[in-house]
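*Asks:* So the sequences go chain by chain: A and B. Residue numbering for the first sequence follows the numbering used here, starting at 32 and increasing by one per position. Residue numbering for the second sequence follows the numbering used here, starting at 12 and increasing by one per position.
Since the hints were made in silico from the structure, they are not lab data. Positions of the beta carbon are idealized from the N, C-alpha and C atoms, including for glycine. One or more of the hints may lead you astray.
Computed from the model, here is a short list of chain A residues facing chain B with C-beta under 8 Å [what the hints assert, rightly or not]:
id	residue
1	Gly-49
2	Ala-53
3	Val-54
4	Tyr-83
5	Ser-85
6	Ala-87
7	Leu-93
8	Gly-104
9	Gln-112
10	Ile-121
11	Ile-127
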Amino acid sequence: MEINKKKEKDVLVVSVSGRIDAVTAPDFEKNLSESIGAGEKTFLIKMNQLEYISSAGLRSILAIAKVLKTREGKMIFSGLQGPVKDVFKISGFGSIFTIYDTEEDALKQF
Amino acid sequence: MDDNVQSIVVPAHLNSLQKSVAFVSSFTRKLGFDSRRLSEIDLCVEEVLVNIFNYAYPGEQGEVEISCRSGPEGTLTVKIVDSGIPFNILSSDDPDISANIDERHIGGLGIYFVKQLMDRVEYRRENNKNILSLINNSAAVSRPVDK
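Turn these sequences into a full structure, and let the hints guide you.
*Replies:* Right, here's the structure in full:
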């Protein structure tokens with residue numbers, strides 16, 4: 032798993048690639064928690080390059096989303112592919128989060 | 012095609028996850044499943060193993076045996092055996108997948124994936140072991156596109 036971050040207006044764009052499994056999910060969660068600690072409130076998680084996510088990854092996403100909500104922040108997603116898209120659908124995450132096709136579409140909302 | 016079986020035994024610890032999934036992948040990749048199905052199998056194997064790693068051997072060390080078998084009709088069976096506390100994933104409750112962010116609890120999702128994605132799941136408790144089989148129809152059998 033690799034994480035790259037950049038700032039677009041008030042949005043922190045987090046590109047995550049590779050695999051978020053039970054081994055890498057804690058690193059993902061820690062990385063995003065640090066950004067929350069640094070005052071970031073709006074996260075766009077860009078998943079074009081994410082090949083795989085398991086329930087451990089979803090657990091981390093939910094944990095971060097809950098913290099953001101208490102701080103009036105939010106987390107949105109773009110570019111879900113193949114298995115990642117399927118996992119979001121089966122888990123219901125596709126309904127509880129806002130998901131855009133592309134980063135551009137997502138950023139237009141701000 | 013005769014039955015082909017391969018197995019490994021790993022410590023029941025999160026450190027074994029990537030090796031275990033790689034072992035199953037190297038077997039399933041030869042069977043003609045498409046990339047989506049291969050990824051679903053990886054996912055279900057991870058979910059079952061992580062559950063065992065976290066809960067099967069509270070406060071002690073243990074092992075997990077993983078066997079892959081391809082049958083004469085191209086059926087794939089991944090059998091996962093541990094000697095930990097009895098646990099039948101088939102008897103666990105499904106999570107509420109319609110709850111919103113505040114109400115949502117994450118527990119049970121991994122097992123739910125296994126029940127949703129595998130063609131058949133069988134559990135038995137035998138000689139103080141949990142024996143779980145994840146069974147997948149041949150890659151040649153057509154499957155619903157949007158299961």
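*Asks:* Identify whether the interface hint at A/Gly-49 stands, where standing means a beta carbon of chain B within less than 8 Å of its own.
*Replies:* violated, 12 Å
*Asks:* Mind checking the CB of A/Ala-53 against every CB in chain B and telling me if the closest is under 8 Å?
*Replies:* holds, 5 Å
*Asks:* Using 8 Å as the Cβ threshold, decide whether A/Gly-104 counts as touching chain B.
*Replies:* A/Gly-104 check fails; min Cβ-Cβ to chain B is 12 Å, beyond 8 Å.
*Asks:* Would you check whether A/Ala-87 satisfies its interface hint, that is, whether its CB is within less than 8 Å of any CB in chain B?
*Replies:* holds, 7 Å
*Asks:* At a threshold of 8 Å, is the proposed contact between A/Tyr-83 and chain B supported by beta-carbon distances?
*Replies:* Constraint on A/Tyr-83 satisfied, holds at 6 Å.
*Asks:* Under 8 Å, Cβ to Cβ, is where A/Gln-112 needs to be relative to chain B, so tell me if that hint holds or is violated.
*Replies:* This hint is violated: A/Gln-112 lies away from chain B, its Cβ roughly 11 Å from the closest one there, beyond 8 Å.
*Asks:* Do the numbers back the hint for A/Leu-93, that is, is its least Cβ distance to chain B under 8 Å?
*Replies:* holds, 5 Å
*Asks:* Once the shortest beta carbon distance from A/Val-54 to chain B is found, is it less than 8 Å?
*Replies:* holds, 6 Å
*Asks:* Quick one, is the A/Ile-121 hint okay against chain B at 8 Å, beta carbons?
*Replies:* For A/Ile-121, the interface hint holds, since the closest Cβ of chain B sits about 6 Å away, which is under 8 Å.
*Asks:* Holds or violated: the hint that A/Ser-85 contacts chain B, with Cβ atoms closer than 8 Å.
*Replies:* Interface hint status for A/Ser-85: holds (5 Å vs cutoff 8 Å).
*Asks:* Going by Cβ atoms only, is A/Ile-127 closer than 8 Å to chain B?
*Replies:* Holds. Min distance 6 Å.
Checked against the numbered hints given earlier, the structure breaks hints 1, 8 and 9 and satisfies all the rest.
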